[in-house]
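Undergrad: Spelled out from the first residue to the last, the chains are:
Number of protein chains: 2
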Amino acid sequence: MSNPSRTLFILSDRTGITLEHLVRTLMTQFDDTCCERMVLPFLDTPAKIEAAIREIDAAASEDGAPPVVFSSIVEEALRARLKEAHAQVIDIFDTFLPNLSTAIGKPTSGHVGLSHGMGDPGEYDRRVDAVNFALNFDDGSRLRGLADADLILVGVSRCGKTPTCLYLAMQYAVRAANFPLTEDDFMLGRLPDALRDHRDRLFGLTISPERLHRIREERRPGSEYASLPQCRKEVSAAEDLYRSNAIPHLDSTAVSIEELSIEIMQRVGVERHY
Amino acid sequence: MSNPSRTLFILSDRTGITLEHLVRTLMTQFDDTCCERMVLPFLDTPAKIEAAIREIDAAASEDGAPPVVFSSIVEEALRARLKEAHAQVIDIFDTFLPNLSTAIGKPTSGHVGLSHGMGDPGEYDRRVDAVNFALNFDDGSRLRGLADADLILVGVSRCGKTPTCLYLAMQYAVRAANFPLTEDDFMLGRLPDALRDHRDRLFGLTISPERLHRIREERRPGSEYASLPQCRKEVSAAEDLYRSNAIPHLDSTAVSIEELSIEIMQRVGVERHY
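Going down the list, the sequences are from chains A and B.
Counting in numbering that gives the first Met the number 0, the first sequence runs from 0 upward without gaps.
Counting in numbering that gives the first Met the number 0, the second sequence runs from 0 upward without gaps.
Derived by calculation from the structure, the hints in this document are not laboratory data.
Please note: incorrect hints may appear among the correct ones.
[To be verified] Subject to a maximum C-alpha distance of 25 Å in a straight line, what follows is the list of computed DSS-like cross-link-like pairs (lysine-lysine):
no. : chain 1 : residue 1 : chain 2 : residue 2
1   : A       : Lys82     : B       : Lys82
2   : B       : Lys47     : A       : Lys105
3   : A       : Lys82     : A       : Lys47
4   : B       : Lys82     : B       : Lys47
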């Protein structure tokens, strides 16, 4: 074969999450799913490096081609040993640090990476607090506390408010409350009273009626609530409400939670807490 | 000053999340918080690139030193324009793609990066399903469905089960249930009946009694539930239960949610669903 299949290894002394995302981004630039990915996290001792090298060498034999190894391991001795594997090793610190050090005019420290570690214990507490906030305020159950929210997501039932609030909490320690729009609100034809004091922090989610119908069918098959006409009616009423009250909004149908979250923070003007 | 402060810009045509994490990892190798970080996401038109360049040039004047600009923008024309900014531009595709293309023997495609996009719409549904699963099974409220869980986190109240379950769901579409251990379980001195059929999927969380005390004090100040002796008693009983039933367990006190999640999946042997 001219293009044998390859194994991509992702090696880290911590979780490997950062490097895994980087490799996924880079691989979007290649047309096929040419390569199998293997993540080997927590490689922080010589014995674990030896075990990893055995896996890499075995993949080299099996593929008939040297694996590509991305590494974000910090310790010098471990990195040196890794370079003896039968593989093309791409070390992200070797790749970036010399230029970066020159650019900012500082030497490097050699600390093991903390980007997903407990660099700041307060950060963990803020994220957990924000998750608890999102859970407590889920589906409008505790209106009194809306004043403490960094932002308030509004939308019809099952349009994606809860996962988005939880993601904002988990990743950015943003306190996101969640307020469902119901038939009662649409009959009134104006913003629910509970929301009127918080206009500057409101963000609307919308969704395609067809997708909403499919989601609701899984929850309550055959119900009026899940029917396509009902979904069409609610989505249209919610969008009218957003437009008539100048509430910024987005369609969640074809957008990932990550993209939604970043765009919502940007448009509401929320500071990330880390 | 010999080391003027610098601004680090993170430019992306999508969310910038991947690049932000990479830069954070790289910056752990420098001792100070020498540099302010600015993330500019969704730069996908010439007008948005011009606005970004104005921000970069303004930072260059203000800092009296050229900013360092990390970019994961894909489109050629936008990248070319960016290189005219008064900055040191580090383009991650330029940095990695030539080597990677040679290593795997494939040309690059020029697609805008999808690592946090809707590359696979089924993936979004799996993650949202898993989040709903975690919410429904939170705190042992729906025991019948434990059989559907990929893993079951056990531990005393407030030890960190819920945020960890939600993170596993959100990031890896893992269906994680959450089962609180209570005084009743400790009095029995054995594993609760509901868990006995699922031993192979159990994972125990533990926490330092002092930290648990602080967390519970915020929730119910001055209560018996939050008192340090009560926290000591429960944590010690939970750890005894883990040991006598050979349940793998971890102390969440000084570990991030990301690290906990990866280690739990690895030790329970859970397949990530993406």
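Undergrad: Next, verify each hint and record whether it holds.
TA: Results for each hint:
| no. | hint | in the structure |
| --- | --- | --- |
| 1 | A:Lys82 / B:Lys82 | violated (33 Å) |
| 2 | B:Lys47 / A:Lys105 | violated (31 Å) |
| 3 | A:Lys82 / A:Lys47 | holds (15 Å) |
| 4 | B:Lys82 / B:Lys47 | holds (15 Å) |
Of the numbered hints given earlier, the model fails hints 1 and 2; all others are met.
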